[in-house]
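Given the coordinates of chain A, assemble chain B onto it according to the supplied hints.
Chains as they are written, first to last, in numbering that gives the first Met the number 0: chain A, 0 to 268; chain B, 0 to 64.
Keep in mind that the hints were calculated from the coordinates and are not lab data. Bear in mind that the values here come from a model prediction, so they are computed numbers and not experimental data.
Here are the simulated BS3-like pairs of lysine-lysine, each with C-alpha atoms no more than 27 Å apart in a straight line:
id: 1; chain 1: B; residue 1: Lys54; chain 2: A; residue 2: Lys228
id: 2; chain 1: B; residue 1: Lys58; chain 2: A; residue 2: Lys225
id: 3; chain 1: B; residue 1: Lys54; chain 2: A; residue 2: Lys104
id: 4; chain 1: A; residue 1: Lys228; chain 2: A; residue 2: Lys240
id: 5; chain 1: A; residue 1: Lys225; chain 2: B; residue 2: Lys54
id: 6; chain 1: A; residue 1: Lys241; chain 2: B; residue 2: Lys3
id: 7; chain 1: B; residue 1: Lys58; chain 2: A; residue 2: Lys104
id: 8; chain 1: A; residue 1: Lys214; chain 2: B; residue 2: Lys3
id: 9; chain 1: A; residue 1: Lys228; chain 2: B; residue 2: Lys53
id: 10; chain 1: A; residue 1: Lys267; chain 2: A; residue 2: Lys240
id: 11; chain 1: A; residue 1: Lys111; chain 2: B; residue 2: Lys58
id: 12; chain 1: A; residue 1: Lys111; chain 2: B; residue 2: Lys3
id: 13; chain 1: B; residue 1: Lys54; chain 2: A; residue 2: Lys111
id: 14; chain 1: B; residue 1: Lys58; chain 2: A; residue 2: Lys99
id: 15; chain 1: B; residue 1: Lys53; chain 2: A; residue 2: Lys104
id: 16; chain 1: B; residue 1: Lys3; chain 2: A; residue 2: Lys240
id: 17; chain 1: B; residue 1: Lys58; chain 2: A; residue 2: Lys228
id: 18; chain 1: B; residue 1: Lys3; chain 2: A; residue 2: Lys212
id: 19; chain 1: A; residue 1: Lys228; chain 2: A; residue 2: Lys262
id: 20; chain 1: A; residue 1: Lys111; chain 2: B; residue 2: Lys1
id: 21; chain 1: B; residue 1: Lys58; chain 2: A; residue 2: Lys240
id: 22; chain 1: B; residue 1: Lys1; chain 2: A; residue 2: Lys206
Residues per chain, in single letters:
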Amino acid sequence: MSFQMKRILGYVLGFVLFYAPFALFQKTICYAMTGKWLPLTIHSLCFRIQTEHLLDGKLFNQASLFIVCFLILLAVSFIFGPVYCGKLCPAGASTEYLSKLVPEKFQIDWAKHVDITPIRYGMLAGFVIIPFFNTVIACVYCNFFLFDLFVNYFIFGYFISLTSSLILTAIVWVIFFGLFTKGGRGFCNFLCPVGALQSFVYYLGCKTPWSYKLKVQRCKCIGCQKCVKACPMGAMYIRDKKAAHNVHNCILCGECINACPVKAIKYKR
Amino acid sequence: MKNKIISFLVAMGIPVSSISSAGGGCNGVCGSCQYSCTPGILALLLLGTRFLYKKLARKGRVSYE
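Here chain A stands alone, though its shape is the one from the complex (with noise of 0.2 Å):
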């Protein structure tokens, strides 16, 4: 099975493992801890809801499921890095494979123009602040919300209206960040805090030997760059001649890896 086969059949385990109308992981994990298979959404995983419930004191009643889920998502970010991302989000795929119906040249590479990552921590740290000021309209930057109204109503015909400010947050994630971005994963690297926190997480990870991580063999790469054009996320860059990587952009997506003519990338402990 080709590298492009794999990744694309991640994103689709992605779906059902996470989506709405199948979400097995919330509902597997919910299944062990109370015996009842419930309806649950990818709300079940958001942070800021469960933020709130910390607030008015229902979180140990209502949001356990999602603690546990967090810590999940925590332990396989230090151990293994973003492979959500990388490896299973759908919502950030879409917009990277409809990126690719657009010429390059029509594209803007972010990570040539701006420093991403104090961007991408920014986010992350005001989407850590809103929930305790209780912004529902928070929602409406969320791409995995998003994603899930569109595969609901285009797939299964489920529709729920949108707002304004909704449409007007897809035509950023699609649109801007998605199709006139090159690697069509803006959205990833500016707006995601899910993301954003993993990454955060990975670079913790990184420090550490018993974690896998991203490497570059600087003695056999040949500095051709085949593998900063491949990567989505603007991660990687030549530097003295040869490659390497940003661990605060990089999602383990393995284009790279798939991208270097002599396999100087490998991802291991």
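Frame of chain A; chain B shown alone:
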């Protein structure tokens, strides 16, 4: 470093700004906050236009040279 801190704070301000719009009565439908979000949207548009203008100008200069 200074630029990184500014970028961090500006980015943090994007979701945090939703606190004021929610206070203005925003429920996601345009007009519900009496357009109190207009200055923020104008600022974003201005920043975006400035960035694109700079990019186009640079492209134009390179092709001219």
